[in-house]
Amino acid sequence: MLRLALILVIGLSALNTAGSAFAQVDTFEFETEEQQQRFRRLSNELRCPMCQNTNLSGSTGGVAEDLRREIHRMIMSGMSDQEIEQFMFERYGDFIFYRPRLRAETVLLWFGPLIFLLVGGLVVFSIVKKARTSSAGTLSEEEQQQLKELLQEQSADNQ
Amino acid sequence: MVPEFGQFALILAFCLSVLLATLPIVGAARDNALWMSLARPLTAGVFVFLSVCLVVLGYAFVTDDFSVQFVANHSNTLLPLQYKITAIWGGHEGSFLFWTFMLSFWMLMVSIFSRSLPMDFVARVLGVLGFLAAGYILFMIATSNPFDRVLPLAPRDGADLNSALQDIAFILHPPTLYMGYVGFSVVFAFAIAALLSGRLDAAWARWSRPWANMAWVWLTGGLALGSWWAYYELGWGGWWAWDPVENPPLITWLLGTALMHSLAVTEKRGVFKSWTVLLAILAFAGSLLGTFITRSGLLTSVHAFASDPTRGVFILGFIALTVGGSLVLYALRAPLIRNESSFSPISREVFLLTNNILLVVAAASVLLGTLFPMVYQAITDNLISIGPPYFNAIFVPLMALLVVALGFGPISRWKKTSTAYLREQLTMVAIAAVALGVILPLVITLEFSLTVTIGVSLAFWLVFAIARDVYNKVANKANRWQALRGLPANYLGMQLAHFGVAVMIVGVTLTSSFSMEKSVLLTPGQAIDLGDYDFQFNGTQPITGPNYVGDEATILVSRRGEFMRELHPEKRIYIASNSPSTEMAIDSGFFRDLFVTLGEGRESGAWSMTLYVKPFVRWIWLGAIFMVIGGITTALDKRYRKLLVRDQLRRETEKVPPAEPQRV
Amino acid sequence: MQRLKFFVPIAVFLILGVLLWRGLYLETTELPSVLINKPLPEFELENVYDNQLVAKEDLPEGPFLLNVWGSYCLPCLAEHPTFMRLSENEVIPIVGINYKDQQDAALDWLETNGDPFAFSIMDHDGRLGIDLGVYGAPETFLIDSNGVIRYRHVSVLDEQAWQNIFVPAIEELESEES
Numbered sequence: 003m004l005r006l007a008l009i010l011v012i013g014l015s016a017l018n019t020a021g022s023a024f025a026q027v028d029t030f031e032f033e034t035e036e037q038q039q040r041f042r043r044l045s046n047e048l049r050c051p052m053c054q055n056t057n058l059s060g061s062t063g064g065v066a067e068d069l070r071r072e073i074h075r076m077i078m079s080g081m082s083d084q085e086i087e088q089f090m091f092e093r094y095g096d097f098i099f100y101r102p103r104l105r106a107e108t109v110l111l112w113f114g115p116l117i118f119l120l121v122g123g124l125v126v127f128s129i130v131k132k133a134r135t136s137s138a139g140t141l142s143e144e145e146q147q148q149l150k151e152l153l154q155e156q157s158a159d160n161q
Numbered sequence: 118m119v120p121e122f123g124q125f126a127l128i129l130a131f132c133l134s135v136l137l138a139t140l141p142i143v144g145a146a147r148d149n150a151l152w153m154s155l156a157r158p159l160t161a162g163v164f165v166f167l168s169v170c171l172v173v174l175g176y177a178f179v180t181d182d183f184s185v186q187f188v189a190n191h192s193n194t195l196l197p198l199q200y201k202i203t204a205i206w207g208g209h210e211g212s213f214l215f216w217t218f219m220l221s222f223w224m225l226m227v228s229i230f231s232r233s234l235p236m237d238f239v240a241r242v243l244g245v246l247g248f249l250a251a252g253y254i255l256f257m258i259a260t261s262n263p264f265d266r267v268l269p270l271a272p273r274d275g276a277d278l279n280s281a282l283q284d285i286a287f288i289l290h291p292p293t294l295y296m297g298y299v300g301f302s303v304v305f306a307f308a309i310a311a312l313l314s315g316r317l318d319a320a321w322a323r324w325s326r327p328w329a330n331m332a333w334v335w336l337t338g339g340l341a342l343g344s345w346w347a348y349y350e351l352g353w354g355g356w357w358a359w360d361p362v363e364n365p366p367l368i369t370w371l372l373g374t375a376l377m378h379s380l381a382v383t384e385k386r387g388v389f390k391s392w393t394v395l396l397a398i399l400a401f402a403g404s405l406l407g408t409f410i411t412r413s414g415l416l417t418s419v420h421a422f423a424s425d426p427t428r429g430v431f432i433l434g435f436i437a438l439t440v441g442g443s444l445v446l447y448a449l450r451a452p453l454i455r456n457e458s459s460f461s462p463i464s465r466e467v468f469l470l471t472n473n474i475l476l477v478v479a480a481a482s483v484l485l486g487t488l489f490p491m492v493y494q495a496i497t498d499n500l501i502s503i504g505p506p507y508f509n510a511i512f513v514p515l516m517a518l519l520v521v522a523l524g525f526g527p528i529s530r531w532k533k534t535s536t537a538y539l540r541e542q543l544t545m546v547a548i549a550a551v552a553l554g555v556i557l558p559l560v561i562t563l564e565f566s567l568t569v570t571i572g573v574s575l576a577f578w579l580v581f582a583i584a585r586d587v588y589n590k591v592a593n594k595a596n597r598w599q600a601l602r603g604l605p606a607n608y609l610g611m612q613l614a615h616f617g618v619a620v621m622i623v624g625v626t627l628t629s630s631f632s633m634e635k636s637v638l639l640t641p642g643q644a645i646d647l648g649d650y651d652f653q654f655n656g657t658q659p660i661t662g663p664n665y666v667g668d669e670a671t672i673l674v675s676r677r678g679e680f681m682r683e684l685h686p687e688k689r690i691y692i693a694s695n696s697p698s699t700e701m702a703i704d705s706g707f708f709r710d711l712f713v714t715l716g717e718g719r720e721s722g723a724w725s726m727t728l729y730v731k732p733f734v735r736w737i738w739l740g741a742i743f744m745v746i747g748g749i750t751t752a753l754d755k756r757y758r759k760l761l762v763r764d765q766l767r768r769e770t771e772k773v774p775p776a777e778p779q780r781v
Numbered sequence: 016m017q018r019l020k021f022f023v024p025i026a027v028f029l030i031l032g033v034l035l036w037r038g039l040y041l042e043t044t045e046l047p048s049v050l051i052n053k054p055l056p057e058f059e060l061e062n063v064y065d066n067q068l069v070a071k072e073d074l075p076e077g078p079f080l081l082n083v084w085g086s087y088c089l090p091c092l093a094e095h096p097t098f099m100r101l102s103e104n105e106v107i108p109i110v111g112i113n114y115k116d117q118q119d120a121a122l123d124w125l126e127t128n129g130d131p132f133a134f135s136i137m138d139h140d141g142r143l144g145i146d147l148g149v150y151g152a153p154e155t156f157l158i159d160s161n162g163v164i165r166y167r168h169v170s171v172l173d174e175q176a177w178q179n180i181f182v183p184a185i186e187e188l189e190s191e192e193s
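Chains as they are written, first to last, in the working numbering: chain D, 3 to 161; chain H, 118 to 781; chain R, 16 to 193.
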């Protein structure tokens, strides 16, 4: 079994010597590693306004390219992440954020899963409680008595 | 002329599936043996005619018959043969035909491997599946006919298959995914049959399990293939984008995993019956939802097929009929179902229930995130985007909780497990896991990261819990190695699959935290380093392919001064569509991947390119492979085969219908 | 009462179903502009003909149209006749933003096809476009007499769009100002 798994993974790797790519390549220069990270995070978390459903780092050409250039410019000019995001929001609105901002309208979105979890917890609690107090599969006192009587009748009949 | 045979076969398949959807079910209700016995032959008929449809479409592609609209839209004379065939599922109409064919294949399998089941049950199951087939075929005939012609002026040549699809993963991923997706229709049919007959017991769960497990195996494989494909296709090292078309199969997978575990409890303990039936309906609903989203233009995505509200309305109507109808049936019949045993608050039943709840919560959360933009737009008229940052924030903690519960599940006992026992078994496991999670990354990277520690600890927790349980089972035997091999397939499969989860967690954690990338402009001869590796650019040369032209670069990769290998990324232009694409070059390894993606070439001969080092990324799919192997192993358990044989023998000697299983 | 909980799934399903059905008929092809009712951004760009700097103050008295175009843009050619007609009949001033284009190509285009614009300014790197929330040519903005953006039209502005959308919008602006 293990051998099979290893063969499969090596086999798949061998197939994998080439693949298409749709990412673009920018060659922006940064002064620090931190700036490079910020750029990466921002271009990953911002959405390309003209594409079907890709982030800025995954889109070729057009507005995406311009926006990446702007992000680079803003990082180098010392703007904070928040300021950069605000810049984008003022021009493209909520659409451009892949991380939806927490507002009255998105409260249900962000807290929904927590609510689901709580409901789930309640479901578990009620099922466990029911299973505990139920006598499914066992006979009640009265039923046990009835069974005894029936069996005694049976053996009386058989004699 | 030939495409018309396909058309004809499609209509015949429709007629047969309508008969299949009605006669056997009525026959089962009225105890009419003749009508019930029609189920198997009708199923075979549907399968045969859908096969004809598929073969005809394939033939049209292979012979470059551009008078068929679908072929004209997705093929080209220059397209390599293997892609001409797989182009069948390269667009909406063809892939839907393929989907329906998959259903008929599962139906055929059920028809063949159900000899030991009562006739009325089989009749109902095949009838329900026939109903689904009828609906799908009607959808094709009415809105998405793959055999539509472009007469009288057939184009000279086709529009070509999208370059992203001219790839081996495209040959593997859709069929595997569809097999899994469609496979959950079988358990769904079993559930409906149970609700219709009023019989829902441990036997029903036992019959359903292999089918649920096999569908799960295919779906796991399909998702893993999709992830692997996205990884090397998109070129920036991502392996899951939380795209609205990727999410529905994940939702189905989560529900399917819950279903698999719930069926186990129902079979062994006769509890959670109505919950299992509900899960079967929901998992199936998940697969229909996926079809709906991909084909109706509801949500924007990089891989949505078509934007057509008519199709969307049809599918939605069909969903309302099947899922809505099933849920009504469920609401009416489920209250009559009784538990066959009880259990304490700390027991394997409760751990599995917790697992179920977490999986369902995860599925509901992914669904929420997927549909929320549409709801938001309907209410506020504004657009909002929900992407990986949201989904990761929600999904990862839920999965972490799940993995914690996973450690407890297999080692706990049915009905009642003492906390003392659990403490005794798992305290050392927990301590060792956390210790390794803290120490190992610290020692290797000389840095502390909470995410990495949690991920590694969870993986070790799982592995050690598995080891502990397996050890318990073989510790007292004389020959431990033999005892290990003698463990039931069911059990081994489960632990293998769980082990796969641990492997995947390692892959996900390490790749997410330690991937490196760098974008540079290099002139020929220039080198750059990333991590332990050195990449030297040695210029490009022009290349020609069967349906493209381009440039191929040579990159020399060294590690710590020692030369390793050459990489050859390419930049291509596909002739027919004039669309460019980049072929990245990957050096894949067990412990890390390296790859290079070309950007743009300059007149000076310099090229921009991005270099990536992705540690442990293969472990993500290796984990999935273990899960697949584990799942297949459970379905091969001797119990099913022994019981199959025993039931068969009994039927043959007695020549009477089997005794009525206990009524609900 | 216990039985009611079994109806929860179908109830949830019905709600979802209605949402999905409504969702089918939503128009998701355009990104709504977030600059509606906001003032035009400040800028300083060169005139395509004489390279003189143009700033926000140099724009015409409103209402006027601000059109994003490029010599590479095919749909811009499709809406060109409408603009020519508007300019010839002096219906409304149209200012062009030559978006991410080359000056000579732009001048060639204007000479070959005709120049409906009061003038065009060159936005080589797309900075002004970004400030306007542009995501591709062609786009046309309706600006009122206070320099406030009142409407953005994405894609071709043909006669139909002009009649059905712009004419009523402009009438509304003019009645507002009186």
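Possibly wrong hints are sitting among the right ones.
Heads up, simulated SDA-like pairs for lysine to any residue below, C-alpha to C-alpha not over 20 Å straight-line [what the hints assert, rightly or not]:
{"no.": "1", "chain 1": "R", "residue 1": "K53", "chain 2": "H", "residue 2": "N499"}
{"no.": "2", "chain 1": "D", "residue 1": "K131", "chain 2": "H", "residue 2": "K532"}
{"no.": "3", "chain 1": "H", "residue 1": "K533", "chain 2": "H", "residue 2": "S464"}
Negatives, chain D to chain R, calculated, CB over 10 Å [what the hints assert, rightly or not]:
{"no.": "4", "residue": "F32"}
{"no.": "5", "residue": "E33"}
{"no.": "6", "residue": "T34"}
{"no.": "7", "residue": "M52"}
{"no.": "8", "residue": "V65"}
{"no.": "9", "residue": "D68"}
{"no.": "10", "residue": "L69"}
{"no.": "11", "residue": "R71"}
{"no.": "12", "residue": "Q88"}
{"no.": "13", "residue": "R93"}
{"no.": "14", "residue": "R105"}
{"no.": "15", "residue": "L120"}
{"no.": "16", "residue": "R134"}
{"no.": "17", "residue": "Q147"}
What follows is a set of in silico ranges between Cβ atoms, one per label pair, in the way DEER data are often shown [stated by the list, open to error]:
{"no.": "18", "chain 1": "R", "residue 1": "D119", "chain 2": "H", "residue 2": "G718", "range": "17 to 27 Å"}
{"no.": "19", "chain 1": "R", "residue 1": "F22", "chain 2": "D", "residue 2": "E107", "range": "27 to 37 Å"}
{"no.": "20", "chain 1": "H", "residue 1": "P663", "chain 2": "R", "residue 2": "K71", "range": "20 to 30 Å"}
{"no.": "21", "chain 1": "D", "residue 1": "E151", "chain 2": "R", "residue 2": "F22", "range": "33 to 43 Å"}
{"no.": "22", "chain 1": "R", "residue 1": "D73", "chain 2": "H", "residue 2": "D649", "range": "57 to 67 Å"}
{"no.": "23", "chain 1": "R", "residue 1": "P75", "chain 2": "D", "residue 2": "E31", "range": "38 to 48 Å"}
Calculated from the structure, these hints are not laboratory results. For each residue, glycine too, the CB sits at the ideal point set by N, CA and C.
Worksheet item: Against the structure shown, which of the earlier numbered hints fail to hold, in ascending order?
Response: The structure breaks hints 7, 8, 9, 10, 11, 13, 20; every other hint is satisfied.
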